[in-house]
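Chemist: Each chain, written out:
Protein chains: 2
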Amino acid sequence: MPHVQHTENDDLYAMRHSCAHLMAAAVMELDPDAKFGVGPVIENGFFYDMLLSAPLIPEDLPRIEERMKEIRERNDAYERSMWKLDDAVQYFTEHGQNFKVELLRDLKTKGTTVMNDLKEMEETLGDTGVNEVSVYTTGTFVDLCRGPHVRRAKEIGSFKLLSIAGAYWRGKAENPQLVRVYGTCFKTKKELDVYLWQLEEAKKRDHRKIGQEQQLFFIDETVGKGLAMWLPKGLTIRNEIEKLAVEMENKDGYARVATPHLAKEALFLKSGHLPYYKESMYPAMVMDDGTYYLKAMNCPHHHIIYNHTPHSYRELPLRIAEYGTVYRNELSGTLAGLLRVRGMSMNDAHIYCRRDQIESEFKRVMQLTMRLFEIFGLKDYWFRLSLWSAAHTEKYINEPENWEYAEGILRAVLEEVKVSYVEAKDEAAFYGPKVDVMFKSVLGREETMSTIQLDFAAKKRFELAYTDETGAHNNEVFVIHRAPLSTHERFMAFLIEHYAGVWPVWLSPVQVKLLPVGEKHREYAGEMQARFMEAGIRAAVDMTDETVGKKIRNAEHEKVPYMLVIGDKEASGGPLAVRSRWSKDTVNEELEKFIARAQKEIADRV
Amino acid sequence: MPHVQHTENDDLYAMRHSCAHLMAAAVMELDPDAKFGVGPVIENGFFYDMLLSAPLIPEDLPRIEERMKEIRERNDAYERSMWKLDDAVQYFTEHGQNFKVELLRDLKTKGTTVMNDLKEMEETLGDTGVNEVSVYTTGTFVDLCRGPHVRRAKEIGSFKLLSIAGAYWRGKAENPQLVRVYGTCFKTKKELDVYLWQLEEAKKRDHRKIGQEQQLFFIDETVGKGLAMWLPKGLTIRNEIEKLAVEMENKDGYARVATPHLAKEALFLKSGHLPYYKESMYPAMVMDDGTYYLKAMNCPHHHIIYNHTPHSYRELPLRIAEYGTVYRNELSGTLAGLLRVRGMSMNDAHIYCRRDQIESEFKRVMQLTMRLFEIFGLKDYWFRLSLWSAAHTEKYINEPENWEYAEGILRAVLEEVKVSYVEAKDEAAFYGPKVDVMFKSVLGREETMSTIQLDFAAKKRFELAYTDETGAHNNEVFVIHRAPLSTHERFMAFLIEHYAGVWPVWLSPVQVKLLPVGEKHREYAGEMQARFMEAGIRAAVDMTDETVGKKIRNAEHEKVPYMLVIGDKEASGGPLAVRSRWSKDTVNEELEKFIARAQKEIADRV
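Those protein sequences? They're chains A and B, same order as listed.
Residue 113 in the numbering used here sits at position 113 of the first sequence, and the numbers go up by one each step.
Count along the second sequence from 1, add 1000, and you get the number used in the numbering used here.
Derived from the structure by calculation, the hints contain no laboratory data.
Errors might be hidden in some of the hints.
List of simulated lysine to aspartate or glutamate pairs, DMTMM-like, C-alpha gap at most 20 angstroms [stated by the list, open to error]:
(1) K1600/B - E534/A
(2) K1069/B - E1094/B
(3) K278/A - D1288/B
(4) K1251/B - E534/A
(5) K600/A - E1374/B
(6) K233/A - D1288/B
(7) K1233/B - D220/A
(8) K440/A - E200/A
(9) K1520/B - E527/A
(10) K243/A - E1242/B
(11) K1270/B - E200/A
(12) K233/A - E1249/B
(13) K1243/B - E249/A
(14) K1233/B - E527/A
(15) K1251/B - D252/A
(16) K251/A - E1315/B
(17) K251/A - D1289/B
(18) K1233/B - E534/A
(19) K600/A - D252/A
(20) K233/A - D1252/B
(21) K1278/B - E315/A
(22) K270/A - E1523/B
(23) K251/A - E1247/B
(24) K1154/B - D1076/B
(25) K1243/B - E240/A
(26) K1551/B - E315/A
(27) K1251/B - E249/A
(28) K270/A - D1604/B
(29) K1154/B - E1191/B
(30) K278/A - D1289/B
(31) K1243/B - E1374/B
(32) K243/A - E1070/B
(33) K243/A - E1221/B
(34) K243/A - E1240/B
(35) K1233/B - E200/A
Isolated chain A (complex conformation) (with noise of 0.2 angstroms):
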């Protein structure tokens, strides 16, 4: 199930640029003097850069929308005709059309239109050569198009105009700033419902905006890009998800570890970092005793782990864990939100094994995987497994047996734990194959979200060794890494859009929440909260000065999950008055009894 790419071949692409046309030719009914620049296809829509009369506001495109509308109903044809470049010129020129203008030049000058910063115009005006150029004429509207394009403006679909942004012309600060209008179109109806709900909800289940709304971390420009500063709230819902992998790895056989953020530089030029990988690391440190750099992996300190003391075949698998940190040096202009950092705290393990341990290794990570996401109620995912290719050999481990082995195995298990996977030839990493987890978002995104690595390089490398049955020196030692739970900051993004910000009890930062009737109640409300932490219930209490139906709306934006106002029935110790975020209804429910059935959800993880 690979992410589909519209193409130019793709009848929605061809749609989706008739359907820019189409606007264009609405805005110049609209507006006659409309000097019209690029209008590509891009991913889930188009758009079209214009130089207009009058300024446009977002109020004003239903207005181009019912024009759009009222051209596609002429049902005009789309024809394409080859015109003489000079033509050309002469046509747009007397339409007052500059920017063509300037184009239909730079392709008579310079055989192309020379454009790098807007890649998408030589789609537009195509690489028919400098002396004829192709031109579609749809009723009245005329333009520089390599198509291809629908055949009449009926089979234009469902579209929308979504935005205006600003553009220079030709994204250069120096030229006139034209309006971009942004638009999407579908075939049906249905699917650009579908789409502008998915753009709604994006907005609201944005991972900084509800970071922002429920205080949870922040990034700020002192400390420095990508590095996540995490709040308390933040940091609540990222130890939860933490102590969970550490329970699910200790019932599981892991060993845990701390490992330094840093090491010299020996050990990088050992695990091939260097020079390999040098690009992505921060730079070098030089200290007196050398060089050193943070570390993009955590693999490299685990190794020296393994071989800090020698190992029976008795001790295999040994499975080495740490919730570690890394450090990717990505360029700050790529930097957004958790979603690509610069620092990242990663759910790792790696297991070494022995050869005919990796069958029931593997099998136990997937199933510790499945486990985990089905914690979370993450249902919509499958695997990719990723093999070599005997046909390139040159960018493998040359190590045919194993590979040959080791994909057996991992197919097997596949098929074995009954989950929907897919195969993909010639994608391994070098080292050995890989077990990707894709998901579909709830946005209906897919995406890569961990990775189950097998690892046949790293035993040569480290010469990570044990001694067999026999005695003997045996250094076929396979390392399996896997971080199920991908970094705390992807993880956290993807469980905020997840969620929309509702989290489930158990990751709530505040559990319950005490709205106090009046100032007399504070005190009691106060000595509730410690009786909740002491059950280990997180409990907060509303100090502020509002009204409890304020208090009770307050609550209900931050989502926390049990709301108990405190008035003078409750603070004489009469039954709580339990509000919940499913309900509008407030329900009686004894203290001892409220605190056994939150304290069951928690450890259920509801």
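For chain A, the structure is supplied; the task is to place chain B on it using the hints.
Modeler: Quick look at chain B alone, frame taken from chain A:
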């Protein structure tokens, strides 16, 4: 109770110096061809560097000691006389003491014995000018020496020769290698015995030795100096310590955060770490958006968190806690075990409070600190209040009123909580008064464990502010820096020595060791292990092929609190055979009863 520095004015200094002469005299009687280098007093004793006719081994030391005692019995006087330099050269040349002659020649030509690499020489030879030199004669032993010495040999107390090492003459590898004999001397036999016991204990309790034996941590040259690699057992202890701190701090209303280990230059310029502390920081890392540094302290990050949201007077005090990891660029040659490291995780917190809250907050921190120490069974500590000096205002932030006010409060709280404390005038930090926690280790060593510091400077540097009761902007936010449990590294080293590796039950990496009698009992032992783990008790199974006797001895050597032998009777559901490390006897106990008892011990942290 400051640390006692022995100076040449002390009786003990004279006695030890005389004892060095005594040793040299004994060696000369036993080996008339011996040539003497230097023989200074050092901390806790003395040494003498000598070139002997035959190699010396530790077994030779008692013979030298015997001869020393004989010479002491002669009770010769230590007679000082001034010799002309040339006379001294002639005397020592005639007696074949080349090294002394070399020193005298240096004294003649350069006016001093240039031995920067052996600083103590200057004390030995003195600085009485180039024409005369002081010489001590005791019986037939004559030595260049500035003194002072005891009057007669019998004034020398109890002594002991401790060890032998090699040392190049004048510390230079191109010079002859001498043998260095270390010894010590105390006024009484009792004092000597205490010191010798401490030496023995220090060896046994050495945190590097126990850390290696118990597989708690290690330091790897490839990873880098001063960077601890925490093994599962060490991490278990570290996590228990952290869990305790978090639990106590949660109860005390701290809010926990997690901040990155690095930040941009701008942050450290603001905090003043740059340029004032730059030498102690790791080297700069230049990225595409500016220069980054690993942090040497957590405060700047916490100040950024404080400033992330506006605060009302009601929210203060705000207590921001983090076991934050900081980095110090110590010289590689000075790094040792966990005591001197380059990366350390600190039990850190910063309390932001109003001026009128300093007293109660400081008191809370004092009480938290003492509660923590009580849990670890630490009793031999006191406090040291470091104050400013109105006479040296240039050393301190210029807020005399705040100094007077805050020092008064700190003193009052120290009185109120009834702890022993000393005051140190003119020893405060630049930014405010501080209270250090001083410890007497189990080996009698005095050290500073942790610190509570008040900070008047941060409010201005970081514009820390709040909105007061009247709605006005108030920038009088006081900061308390506190780290009762020091760093994980330092505290772990301290605890290893304190407990000598015999961890209390709650800290023991393995709390229950299951010892299956035969192979057929292993499975049941495994089931019991799972049962214990489920009950929150750390259990391990001895899977070796050893005899039960050997398994018990191994578990005792590991200092495991409880050992359970699993034979036929136990495997068929009989009561447990419980052996504790406190008793050689095995006691029968029902499983559930034993679990409840162990759980209680763990919960009570005993």
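Chemist: Run every hint past the structure and note whether it holds.
Modeler: Each hint tested on the structure:
The straight-line distance between the Cα atoms of K1600/B and E534/A is roughly 17 angstroms, inside the 20 angstroms bound, and the hint therefore holds. Note on K1069/B and E1094/B: the hinted pairing is violated, with a Cα-Cα distance of about 28 angstroms set against a maximum of 20 angstroms. This hinted pair checks out: K278/A and D1288/B have alpha carbons roughly 15 angstroms apart, not beyond 20 angstroms. As the CA atoms of K1251/B and E534/A are separated by approximately 9 angstroms, the hinted pair is consistent with the 20 angstroms bound.
For the suggested pair K600/A and E1374/B, the alpha carbons sit about 34 angstroms apart, so the restraint of at most 20 angstroms is broken. About 31 angstroms separates the Cα atoms of K233/A and D1288/B, which puts this hinted pair outside 20 angstroms; it is violated. Pair hint K1233/B plus D220/A does not hold up; C-alpha atoms about 37 angstroms apart against a cutoff of 20 angstroms. For the proposed pair K440/A and E200/A, the alpha carbon gap of about 17 angstroms is at most 20 angstroms, so the pair holds.
Distance restraint check for K1520/B and E527/A: the Cα-Cα separation of roughly 54 angstroms exceeds the 20 angstroms cut-off, and the hinted pair is therefore not satisfied. A threshold of 20 angstroms between alpha carbons decides the hint, and for K243/A with E1242/B the separation of about 14 angstroms falls inside it, so the pair holds. A threshold of 20 angstroms between alpha carbons decides the hint, and for K1270/B with E200/A the separation of about 41 angstroms lies outside it, so the pair is violated. Taking the CA atoms of K233/A and E1249/B, the gap is near 16 angstroms; set against the 20 angstroms cutoff, the hint holds.
The hinted pair formed by K1243/B and E249/A meets the criterion: a straight-line CA distance of about 19 angstroms does not exceed 20 angstroms. Between the alpha carbons of K1233/B and E527/A the distance comes to roughly 38 angstroms, so the proposed pair goes past 20 angstroms and is violated. Note on K1251/B and D252/A: the hinted pairing is violated, with a Cα-Cα distance of about 32 angstroms set against a maximum of 20 angstroms. For the hint pairing K251/A with E1315/B, the CA-to-CA distance comes to about 41 angstroms; that exceeds 20 angstroms, so the pair is violated.
The straight-line distance between the Cα atoms of K251/A and D1289/B is roughly 44 angstroms, outside the 20 angstroms bound, and the hint therefore fails. Between K1233/B and E534/A the CA atoms are separated by roughly 29 angstroms; this puts the pair beyond 20 angstroms, and the hint is violated. Annotation: proposed proximity of K600/A to D252/A is violated, straight-line Cα distance about 23 angstroms (limit 20 angstroms). Distance hint between K233/A and D1252/B is fulfilled; the C-alpha atoms sit about 17 angstroms from each other, no more than 20 angstroms.
The straight-line distance between the Cα atoms of K1278/B and E315/A is roughly 46 angstroms, outside the 20 angstroms bound, and the hint therefore fails. Between the alpha carbons of K270/A and E1523/B the distance comes to roughly 41 angstroms, so the proposed pair goes past 20 angstroms and is violated. Proposed proximity of K251/A and E1247/B is contradicted: the alpha carbons are some 24 angstroms apart, above 20 angstroms. Proposed proximity of K1154/B and D1076/B is supported: the alpha carbons are some 8 angstroms apart, at most 20 angstroms.
Restraint check: the Cα-Cα separation between K1243/B and E240/A comes to about 14 angstroms, which is no more than 20 angstroms; the hinted pair holds. For the proposed pair K1551/B and E315/A, the alpha carbon gap of about 17 angstroms is at most 20 angstroms, so the pair holds. Distance check on the hinted pair: K1251/B and E249/A sit about 29 angstroms apart at the alpha-carbon level, beyond 20 angstroms; violated. For the given pair, K270/A sits about 47 angstroms from D1604/B by alpha-carbon distance, which is inconsistent with the 20 angstroms threshold.
The straight-line distance between the Cα atoms of K1154/B and E1191/B is roughly 17 angstroms, inside the 20 angstroms bound, and the hint therefore holds. Distance restraint check for K278/A and D1289/B: the Cα-Cα separation of roughly 18 angstroms lies within the 20 angstroms cut-off, and the hinted pair is therefore satisfied. Of the supplied pair hints, the one linking K1243/B and E1374/B holds, its CA atoms being roughly 16 angstroms apart against a limit of 20 angstroms. For the hint linking K243/A to E1070/B, the alpha-carbon distance of about 69 angstroms lies beyond 20 angstroms, and the restraint is violated.
Between the alpha carbons of K243/A and E1221/B the distance comes to roughly 32 angstroms, so the proposed pair goes past 20 angstroms and is violated. Between K243/A and E1240/B the alpha-carbon distance is near 14 angstroms, which keeps this suggested pair within the 20 angstroms criterion. Only pairs whose Cα atoms come within 20 angstroms are accepted, and K1233/B paired with E200/A is rejected, the gap being roughly 50 angstroms.
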